Structures are given as C-alpha cells and as structure tokens.
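Asks: In case you want the letters, here they are:
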Amino acid sequence: MAEVPPPANVTAAETGDIFLVSTEPIEPGALQARVVDPTWGGLASFFGVVRSPNRGVIVHHIDYEGYQEMIVTQMRQVATALRAEADLGRILIAHRLGRLVPGDVSIAVVVASPHRSDALTACHRGIDLSKELLPVWKYEVGADGSNWVAGSSRASQPL
Amino acid sequence: MKVTALLFAQFRVAAGRNRIELELPPKATVRGVADRLETDLDVDLSGALCAVDERFSDPDAPLCGGETVAFLPPVSGG
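Heads up: the sequence lines are chains A and B, in that order. Residue numbers for the first sequence, in our numbering: 1 to 159. Residue numbers for the second sequence, in our numbering: 1 to 78.
Isolated chain B, as found in the complex (with noise of 0.2 Å):
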C-alpha cells in the first residue's frame, strides 16, 4: 500500500526533504513508516508527534493505504 510521509522543521532538515512517497506492506502501522524513513533517509524520529491526514495519532496505529503520515517535533507555535 501506498501512504505519503511529511516530514518538518528539525526532522526536515536532517532528512534534507520534506515529503517521500512510500510503498509498504499491507497493515503497516504509523511506526513503521518512522521506522522505513529512519532506514532510507538516516534520520532519526525519536521524539516525534506522529499525525495522520491532519490529526495526532498514536505510533501504533494502523493504516490502511492512501493516507498521509506526517513525524512533527515538538510543537513551539504562538
């Protein structure tokens, strides 16, 4: 299945990118794709706020295809 992973600010830059489209295996969950961009891109996500399609997820859950997948550090808005 395919799902898009955003990457941002700290995690942006040590990846040298922001946006990677992946093909998984079927029920990947939201750490799996932290733990395929740490692979491909070296860059290391502990610590993140992991959100899928725009809302806070736990790591654990599970995906179905299609969505987008994005590994925030901690948030410092305002």
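Okay, chain A solo, but in the shape it has when bound (with noise of 0.2 Å):
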C-alpha cells in the first residue's frame, strides 16, 4: 500500500464550505450535522459506499490511494463549480483513504441551499465532479484476483 498521508480538515473561510480527507471511517449522519443549518431549508446528502459484488465478483477490500493535497485543491474546486450555477448555502465533500471493506462509505457529497432543487442537482453535480477531479485510486482486491480500477481523463488532456 501507498503511505497515507495526515488527515486534512479544511474549512473555507468565505463560504463555510468544508473539505475533509482521511482513512477514519464517515459517519453520514456526523457529516449532515456539520452542514444542516435553519437558514437553508434544503440538505441533500450523497454518500459512495464499497460495492460487493462489483461486476459479479466478490470484493475483499480496496485501497485507496490519493494526492491529498490536489484532493483537497480540487474538492475546492468542485464547490465553487456548484456555486457558480445554483444558490448554495454550505458544501461538504469528504473522501476517505486506505483500506475500505465492502459496505464503508469511501465518500460523501452534501449541500445545502434554501431550495430542495438547487440542493438536490448541486449534490448529484457534486459527485459527478468529484469522481472526475479528485486524484484518487483504487486497488480493488476480490475473489477474482486484484486490480487497478479503471479510471475516468475528463479532468484533462492525458500525455
């Protein structure tokens, strides 16, 4: 396994938006407390959790690996994407790294707007970024043997 690197708990200061990184498992309902607020009437959640089977074979575990840094720069990144098309109040996005078993959360995407729709399209908007722009990857191990999952380039040009 790659070398995990220390948590990052980020919050930006300007918009409350928080950016969390870590290999401690996520807790859906801790992470909705951080976000849910009177102000926005709206909080739409969406939480990635470990699929076994996965392509009809047994998943033992991953191991996910990630440029923490870039995570956190591109989860910053994601947010002021959403901001720009709806009106949002806060932004979470969570992923974690290191050994997830079938049934763990690996990440979490919620927001909060005044309005349900903004809520609901920023959050299914938010994970669909996320999975494009977050440097992060996954060495599935199964039943079958143990892989490198295929991955998505829309972030940008390869070599």
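Calculated from the structure, these hints are not laboratory results. Any given hint could turn out to be false.
Estimated spans, in silico, between C-beta atoms of each pair [as the list claims (entries may be wrong)]:
id : chain 1 : residue 1 : chain 2 : residue 2 : range
1  : A       : Asn54     : B       : Asp58     : 31 to 39 Å
2  : A       : Thr15     : B       : Thr68     : 22 to 30 Å
3  : A       : Ala81     : B       : Asp53     : 14 to 22 Å
4  : A       : Ile58     : B       : Asp44     : 14 to 22 Å
5  : B       : Val13     : A       : His60     : 33 to 41 Å
6  : A       : Gln32     : B       : Pro62     : 41 to 49 Å
To spell it out: a stretch of chain B is covered by chain A in this simulated footprint if at least three of its residues, at any positions, have a beta carbon under 8 Å from a beta carbon of chain A; those stretches are [claimed, not checked]:
id : segment
7  : 14–24
8  : 43–52
Given the structure is predicted, the values throughout are model-derived calculations rather than measurements. No residue lacks a Cβ here, since even glycine has one placed at the ideal position from N, Cα and C.
Using the hints, put the two chains back together into the complex; each one sits in its own frame.
Replies: Next comes the structure, spelled out in structure tokens:
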C-alpha cells in the first residue's frame, strides 16, 4: 500500500464549506450535522459505498490511494463550480483513503440550499465532478485477484 | 531549473518511488518532465493526467522552476 498522509480537515473561510480527507470512517449523520442550518431549508446528501459483488465478483477490500493536497484543491474547485450554478448554503465533500471493505462509505457530498431543487441538483453534480476531478485511485482485491480500477481521464488532456 | 515530480498508483508502483527532484533545462514543459522520468525510471507515463501545483495541466504547459509536477493515472475515486 501507498503511504497514507495525515488527515486534511479544511474549512473555507469565505463560504464555510468543509473538505475532509482521512483514513477514518465516514459517519453520514455526523457529516450532515455539520452542514444543516435552519437558514437553508434543504439538505441533499450522497454517500458512496464500497460495492460487492462488483461486476459479479466478490470484493474483499479496496485500497484507496490519493494525492492528498490536490484532493483538497480539487474539492475547492468542485465547490466553486457548484456555487456558480445555484444558490447554495454550505457544501461538504469528504473522501476516505486507506483500506476499505464492502459497506464502508468512501465518499460523501452534502449540499445545503434554501431550495430543494438547487440542493438536489448540486449534490448530483457534486458527486459527478468529484469522480472526474479528485486524484484518487482504487486497488481492488477480490475473489478473482487484484487490479487497479479503470478510471476517468475527463479532467484534462492526457499525455 | 528544479522541479519536484510526483507519481501515483500504477506509475508509483512501476517506478518504485513516488517523488523525485529533477534539474531541467530552462523552458522545460510538463511533457519534458515526463520524458525525463520515462528515461530515468524506465516507466511508461502514456495516458497520464498531468498536474502542476495541484491543478490539472496541459502536457505542453511551460514551467518556470520550483513547481510540483504530478503524473496521475486516470482517476477512480468515489
């Protein structure tokens, strides 16, 4: 496994947005509590969970590797893109690294907004953008052996 | 000029290291860093996404020295 850096726990001063990268478990209720506020009448959440079976094969675990500093930079980019499209309250994006087993939460996107449609749309867009932009890689170990999971190159022009 | 190069996931494994400090000629590009790594470390970086100081970058972007240049396999987070 790759070295896992110390956790990042960043709150953007200007927006209150929260960006988390850690090997510790992601607790959905605890994260939602950091975003909820009566000012914003809607809260939309997405939690990604390690899947098994994946493509019909039992998964034992996944080792998540990440470029920690850039993950936080790109989380900020995602939040900026979401804010450009809708009237939003607080945004929280979290990604877990290290060894996860099926059922563990790997990623969270939580968005608050005064309006439900903005919250739901931004949450959906937020997870899609996160999967394109966050520098994270999965090494999956399962019943059929192990492999790096195929990824996305949408973020920029590859070599 | 000096740059710091970072490799992740498959590239890190293939190269046997994740970080290398390089001395490059003036006006080197991101692609020039990749070429140097491929020669020095016997690693194939084709298909890599490039990042300069934590932002995605065009492979032909020029460097001025002091940057951190990362080569990333296609990303698969979430």
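Asks: Now tell me if each hint is right for this structure.
Replies: These are the hints, each one checked on the structure:
1. In this structure the hint that Asn54(A) and Asp58(B) lie 31 to 39 Å apart at CB holds, the actual value being about 33 Å.
2. Thr15(A) and Thr68(B) have their C-beta atoms about 26 Å apart, which keeps the hinted 22 to 30 Å range intact.
3. At roughly 19 Å, the beta-carbon separation of Ala81(A) and Asp53(B) lies within the given 14 to 22 Å, and the hint holds.
4. The supplied range of 14 to 22 Å is broken by Ile58(A) and Asp44(B), whose beta-carbon atoms lie about 31 Å from each other.
5. Judged by the Cβ atoms, the range 33 to 41 Å given for Val13(B) and His60(A) is violated: they are separated by roughly 19 Å.
6. Taking 41 to 49 Å as the suggested C-beta distance range, the pair Gln32(A) and Pro62(B) conforms, at roughly 44 Å.
7. Proximity of the segment 14–24 of chain B to chain A, defined as three or more residues with a beta carbon under 8 Å from a beta carbon of that chain, is not established by the 1 residues found.
8. Counting residues of the segment 43–52 of chain B whose beta carbon lies closer than 8 Å to any beta carbon of chain A gives 7, which meets the minimum of three for the stated coverage.
The structure shown violates the earlier hints numbered 4, 5 and 7.
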